[in-house]
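Fit the two chains together into the complex; they arrive one by one in their own frames, and the hints show the way.
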Amino acid sequence: MAFDDSGPSPSGAGEPISEAEALARLRQTDDQSLQYYAAWWLGRMRSRHPEAVPLLCAALRQRQPRDPAAGVEHNAVARNAARALGKLGDAGVVTDLLAALDDDDDGLREAAARALGELGAEQAVPALTARLRSGLAGAGAPQADSPRLQEPCEALIEALGDIGIASPDVLEVIQPFTGHDRLLIRSAAARALLQLTAERCWGETLLGLLEHPQLQVRRAALMDLGAVGWRPALEPIRATLAENSLKLIALRGLVEDGEGEPGVDALLAAMDDLL
Amino acid sequence: MGTPGTEPLPTDAAAGLIRAVESADSAVALLGASAALARHLSSGAAPSPEAVLALVQVLGFNNPGAAVAAVDGLIACGEAAVEPLLANLDAHNYGARAWAVRALAGIGDVRGLELLEQALSADIGPSVRRAAARGLGQLRCPALSAEERRPIRQRALTALEAAGEDGEWVVRYAVVVGLESLGLALAGEAGEDGPLPDGRALLDRARRALLLRSTAAELTPVVQLRAVRALALLPDPAEP
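As you go down the protein sequences, you meet chains R and L in turn.
Following our numbering, the numbering of the first sequence begins with 483 at its first residue and continues without gaps.
Following our numbering, the numbering of the second sequence begins with 8 at its first residue and continues without gaps.
Mixed in with the good hints there might be a few duds.
[Stated by the list, open to error] Here are some chain L residues the structure puts well away from chain R; computed CB gaps all over 10 angstroms:
| # | residue |
| --- | --- |
| 1 | 57 |
| 2 | 82 |
| 3 | 91 |
| 4 | 93 |
| 5 | 124 |
| 6 | 128 |
| 7 | 140 |
| 8 | 158 |
| 9 | 214 |
| 10 | 243 |
[Unchecked claim] One-sided excerpt, in silico: chain R residues whose CB lies under 7 angstroms from chain L:
| # | residue |
| --- | --- |
| 11 | 647 |
| 12 | 738 |
| 13 | 741 |
Calculated from the structure, these hints are not laboratory results.
C-beta: ideal position from N, C-alpha, C; glycine also.
Isolated chain L (complex conformation) (with noise of 0.2 angstroms):
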């Protein structure tokens, strides 16, 4: 997937579908064909980059439904959405950016981790840093071995601990929900690997960054109460 001149071409019926997705004249027919498209890359048909582009336009066409099934259909072409994913971002748009990010953090690869941290960090949108603290928390990184993936995961975890007081409650929950992915990652691969000291103290920074935000000082009801339950979740790296 993805390797120049390679690329699959759109087989016919790709073909009519993105044609409808292009010319789609109303909010319901958009909504219609882009489900359509994501249903046909769903199911497992391989992703063209034109079937991929234009999937990545409905995100800027404020049609949330249209976008809902446009993210579903990116995820589902995976690292063949990443580049054209990353190369259209509008900075103008932010609505198109968090679901742009949305797909990057359900794609989960390691090649958005450095727009996840920008996002998260600087972004305006509330939506967008919401998406992104979700991502930072899901990274998958199947190649890698546990020592490769320790400086992603450190990065990610930086990134989610310096956001736990955004003024938004939403991405404060989507940064407890980022926390706790991210710390049943470092747990399972301290598992898998063996004794693993940073593993450790990672996972221990991921539970005290939730235990923060499972307190009163946490003012907001339901990213407290989330907090409790990802804490309950994550082993106790105290305990043997």
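If we strip away everything but chain R, and leave its shape as in the complex, we get (with noise of 0.2 angstroms):
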């Protein structure tokens, strides 16, 4: 259920600054909540700037543990240096990313294995199944002192279903969740069986969710219906009850990522109707 270009903005965000100006606050490392917002910036605004990608990989490396009481979390700034890794579509970052995808900080790991996914790297495809590989129990069982599961398992997931390899390996280990106990798990993991395989039950089982009484559910079938582009759901996504910004979000993905029937001019009418 990636938000696009939703990620934390940080306060202070829309702050007009120069990308001169970005990478001189993500150099220094006295204060690193200008680090935080530099490293969100140059994602945000897809710097090409050569010194972009070796100054987030530095500020990726530079992790330390939890600390709340330093304010800024110093792995703040290495999950927003992974954010931005994954927007800035360089390939030779996958070695850093698959290093924090191995991190003690889940939030860490999240963020990588976001980056990983947004990158298409294939060779990041035996790291991410492997830790989902324990299943339920394991990777899916909640942590004892959060509301967190043991792994990022809606990330891993989706970073599969959009990396698309289809192995039977990668498929084996997605399948369980389907059968998740919290929808947003198992709408992920339909979301990338629909992408890995096309088959219309995994689209339908989206569709089941968009019908979902809770706002949240809805709103995550949305956004994994969007990733997937699957052009079937354009009704029910006209018709299920959530913000038009995310349905517009949705419908786009329909236009740019899917294919066949309904076809676009019905799609762009659609979005019309919501702006």
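Structure, rendered in structure tokens:
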């Protein structure tokens, strides 16, 4: 359910700074809140500056254990660096992201997984599947002291779907998560399997979630249908009760990533109605 | 409609529906009540100020389903809803503002022009800017002559041109849709009033703004695609 570009825009977001200023803020290490904002900015603006990727990789390596007392957590910079690297499209950063995927911080593992998915990093498939292989009782079990799961399952599953290698092993690892207690995880699993197999039943699963009484579940199903670009979902997307902003993002996915019927004219007309 | 002293009082049926909206104690109840009141007003019942106000308040409750119904009802109320919408804008709730701008955009009353201009150029909520861009393309001014409409069209066009590089793709998409509607209105008016050089100049500007979005310089494919479709619909003033 990755909301494109909605990723944490820090306070002060939208504050206009120059690319040179962003690079300078990321290069210094005294004030992490400046680094945090700079890393986000470089990703958001899709910086093409030759120093952007090396500085973001350095920021990604700059990690330390969580220390909530220190204000901005040190790893917050690394997480934003991972997110930005996912947006800049440089395949040379995969090794650094794979290292982050082994970090103790599950939030950083989540950001790294999403970035690897965005980059379509095929060499990450073994590491991503390994993290999920313990299934519902392992990776998918809740942590003792937090609402989070042992592994960032949603991000790992979605990354596998985005990368798009439909090997029997990948399918077998994802499949159990279609029965996870949490509906957002089910939605992510159905999305990935629809991307990987193009089997209609996974689209139908998402359509079922689109009718769920909880808004949060409907939102997740919307984003997942959009990410796949599954065009038979047009009418259910129009009909579901959710914000027009999210419906527009989903329909953009149907236009840009989908194929077949309904055609582009019908999709654009539906988008016009939602503005 | 809307003249002081002659405002319609709520009928018994409407009063019951208004009470149901005001007393709804769950998201589902609010959705049902808002939809029922909106249907009542859409069926041609004269809108009372109480009914309009009840729907305006629904826009601020963070209930998208109910807000969709309320916007439909407010659009059905037409000009009777314009002043209450303008008077009750919530500066701190951008969800509510987006719905209000959307209702004003749907009504298309020129009294909303200034608000739509401000919203498109300065509102922090992309959903607000998006609704404003669409609305600027569909301002209706049937009572005005083509000459009186010209400055209104020109202001709408200037606002849309200025928003063509908005950082959010969805706002640029809405700008394209707004330019298309505005261009079609200008083309229609040129036809009905004979040759109007200013109108053709405005149409030409609308086409040029769309051209900018129709090339690879526009990085969002769906926006580029929509701009190409819009250009195909608009007559080219350079051709006889």
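_Tell me the hint numbers this structure goes against, listed in increasing order._
Violated: hints 7, 11, 13.
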